[in-house]
Structure formats: C-alpha cells, structure tokens
Amino acid sequence: MQTYKIRKGFTLTELMVAISISIIAILAVAVTLSDGHRAWGHMYGNINSEVAVQSLTACKKFDAVVRAASSNNCTIDPAGNWVEVSYYSSSSAATPDRYARFAWQGSQLSYEYGSFDPKTTIDIQTLCVNVTACKFVKLGSSVQMVLTLNDNTRSVTVASSNVMNNN
Amino acid sequence: MKRYSAKKRGWRSKRNGFSLLDGIIAIVVLLIAILGTASYRYHSALDERKAAMQTSATRVALLLCESWRGVQGATTCDPTTWNLSGVTISVGSGPAVPSDFTSLNSYRITTNNYTYTATLAWQNISAGLRALNVTLAWPTSGTGTANTSYALTSYTQY
Chain A
1 MQTYKIRKGF TLTELMVAIS ISIIAILAVA VTLSDGHRAW GHMYGNINSE
51 VAVQSLTACK KFDAVVRAAS SNNCTIDPAG NWVEVSYYSS SSAATPDRYA
101 RFAWQGSQLS YEYGSFDPKT TIDIQTLCVN VTACKFVKLG SSVQMVLTLN
151 DNTRSVTVAS SNVMNNN
Chain B
168 MKRYSAKKRG WRSKRNGFSL LDGIIAIVVL LIAILGTASY RYHSALDERK
218 AAMQTSATRV ALLLCESWRG VQGATTCDPT TWNLSGVTIS VGSGPAVPSD
268 FTSLNSYRIT TNNYTYTATL AWQNISAGLR ALNVTLAWPT SGTGTANTSY
318 ALTSYTQY
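Chain order of the listed sequences is A and B.
Letter by letter, the first sequence follows residues 1 to 167 in my numbering.
Letter by letter, the second sequence follows residues 168 to 325 in my numbering.
It is possible that part of the hints are untrue.
[Said to hold, decoys possible] The list that follows gives simulated cross-link-like pairs (lysine-lysine, DSBU-like), each with its CA atoms no further than 35 Å apart: (1) B:217 <-> A:60; (2) A:135 <-> A:60; (3) A:135 <-> A:61; (4) A:138 <-> A:119; (5) A:60 <-> A:8; (6) A:135 <-> A:119; (7) B:217 <-> A:138; (8) A:8 <-> A:61; (9) B:217 <-> A:8; (10) A:119 <-> A:60; (11) A:119 <-> B:217; (12) A:60 <-> A:138.
Bear in mind the hints are in silico, worked out from the structure with no lab data behind them.
Work out the full structure: start from the sequences and follow the hints.
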C-alpha cells in the first residue's frame with residue numbers, strides 16, 4: 001500500500017525567498033528612516049544650528065543698537081571691518097553718552113560698548129564665532145551689515161540695514 | 168504519524184497559500200504606505216525651502232527698504248552700487264509696481280543661493296513725506312515663474 005507523508009514545514013526555497021523578501025523590506029525601511037532622520041537633522045539645523053542662532057543674535061543686536069544710534073557720530077572702517085556708533089543710554093540723556101562698536105577680527109564678531117566721553121569700555125562680548133566674512137557699509141544715515149558664518153557643515157549669510165534714527 | 172491511504176484520493180485538498188486577491192490587497196496597502204511616506208518627505212522638504220526663502224526674502228526687503236530710507240528715499244538711489252558681499256544685486260525684471268507708485272527700478276537679487284526679483288517704488292504722500300515700497304517675488308520651487316511675493320512699505324522725510 002502506497003502512503004503519503006504530509007510535511008509540516010518550509011522547503012529551503014521557500015525559506016530563501018522569504019528571507020530575501022524580508023531583507024529587501026528591512027533595507028527599504030532602514031533607508032527611509034535614515035533618509036528621514038538626515039532630512040530632519042538638516043531642517044532642524046537650519047533653525048537651531050550654531051551658525052543660524054548666532055547670525056540671528058548678531059542681527060538682532062545690530063538692529064537694536066543702530067536704530068537707537070545718533071547719525072552724527074558714526075565712524076566706519078574704510079575696509080568695512082568695523083563700525084562705531086554712539087547712542088543714548090536713556091531718554092533723559094541730553095547727548096549720546098554711550099558708544100557701541102561692532103568689529104570683525106579673525107573668526108569672531110565682537111560687540112564692545114561703554115561711556116562715550118570720556119571713552120571707557122564697559123564690556124566686550126563675542127556675538128559670533130566661525131565668521132568667514134563681515135562687512136559694514138554706511139549709506140546716508142543707514143548702516144548695512146552683511147555677515148557670513150560657516151562651521152564647515154553649513155554656511156549662512158544674513159544682511160541687515162538700519163537707519164540711525166537719532167541726531 | 169498520520170498516514171493517508173492512496174485509496175482515499177477522492178478528498179479535496181485544502182491549499183494553505185495566498186490567493187491572487189490577497190496578494191493584490193497586500194501590494195495596494197504597501198503602495199499606499201510607500202506613497203504616503205514619499206509624499207510626506209517631499210512636502211516637508213518643500214515647506215522647509217519655502218520657509219527659508221520667505222525668511223530670507225523679508226530680510227532682503229528690509230535691507231533694501233532701510234538702505235533706501237537712509238538716503239531719504241532719493242529717486243537717484245542705485246542698489247547695484249552698494250557693494251554688499253554675499254548679496255548680489257543687478258538690474259533686471261521685477262514684480263508689478265503698486266498702483267499710484269512710481270517705479271525706481273527692478274532688480275535681480277541673489278543671496279544664500281536663493282534668487283529673487285524686486286521692484287522698488289515710491290510715492291509722495293504729502294509735502295516732505297514719501298512712501299517707499301519694496302516688492303519681492305520668487306518661485307516657490309526655486310526655479311521658473313515667480314508665484315510668491317512679499318511687499319514692505321516704509322516712510323521717510325525727504
């Protein structure tokens with residue numbers, strides 16, 4: 001009497017096909033996840049990277065100081081590496097009694113301020129590092145700043161212009 | 168061990184595999200998931216670019232407006248002579264001039280690898296008071312026809 005035996009398992013071919021399909025699926029998911037992570041990191045860096053944050057901070061500082069500055073006492077480097085303005089420390093000040101100086105030196109953009117007359121420095125702060133270019137230009141009663149930061153992973157250029165609103 | 172006799176060949180065997188319909192449904196579900204992921208990736212990258220271009224555009228508009236205001240809105244102002252490293256300005260075509268405004272000129276501006284077209288226009292509001300308008304336009308996708316714009320108006324004494 002001929003008998004048939006039912007094998008409850010997979011053949012080697014079935015197993016190989018299943019493993020191949022699984023590997024393809026896993027690779028596809030891994031590539032998608034990796035790509036998504038890289039894209040998210042890029043987007044996050046555009047907002048929160050050191051160069052992005054520092055360039056924004058420098059612009060805000062430059063905006064605030066220059067807008068409150070006196071157009072009568074603005075000195076600018078002919079090469080455009082620094083600019084110095086005077087401003088009123090308070091609304092009760094009769095004349096501009098403070099000075100502020102933005103200067104690009106090496107890879108840093110510094111902000112120095114102090115008493116205007118006699119000239120006494122109160123503090124010097126570093127606004128940015130990784131500065132590869134910074135140029136100040138005076139145009140009428142406005143001062144322009146074009147700042148470029150590069151940390152070898154990304155480069156950011158910000159441009160700002162402000163009118164010195166006081167006399 | 169269970170054994171079946173050859174004499175019992177009349178029984179109908181039960182197949183434990185997938186039918187064609189099962190396979191098609193699985194493929195459709197997988198395709199929807201893949202297309203959804205790809206669409207999400209594409210739109211997130213596009214929106215990130217849109218946001219970056221919009222941010223850069225507002226900065227450029229403010230740069231043009233404030234610099235022009237610095238020379239009291241002079242009608243002889245020429246942004247191409249400003250010599251700004253990192254920001255390239257050249258004469259070109261630009262968006263339409265707002266009604267009742269007089270065009271100063273139109274420019275092509277490039278910064279951070281983004282290119283914008285800009286039109287500067289002015290209007291005398293009253294004796295000694297002038298409105299300065301800067302309109303920037305750019306293509307959302309980065310190339311082609313400009314389909315997004317940003318306008319900024321400032322006032323100055325002249």
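Verification of the supplied hints:
1. B:217 <-> A:60: Holds - the C-alpha atoms of residue 60 of chain A and residue 217 of chain B are around 23 Å apart, at most 35 Å.
2. A:135 <-> A:60: Cα-Cα ~16 Å, so holds.
3. A:135 <-> A:61: Roughly 16 Å between the alpha carbons, so the hint for residue 135 of chain A and residue 61 of chain A holds.
4. A:138 <-> A:119: OK: residue 138 of chain A and residue 119 of chain A at ~23 Å, within 35 Å.
5. A:60 <-> A:8: 73 Å, violated
6. A:135 <-> A:119: At roughly 24 Å apart (the allowed maximum being 35 Å), residue 119 of chain A and residue 135 of chain A satisfy the hint.
7. B:217 <-> A:138: 32 Å, holds
8. A:8 <-> A:61: 76 Å, violated
9. B:217 <-> A:8: This hinted pair is violated, its Cα atoms lying about 58 Å apart.
10. A:119 <-> A:60: 25 Å, holds
11. A:119 <-> B:217: 46 Å, violated
12. A:60 <-> A:138: The hint holds at about 18 Å.
In this structure, the earlier hints numbered 5, 8, 9 and 11 are contradicted, and the remaining ones agree with it.
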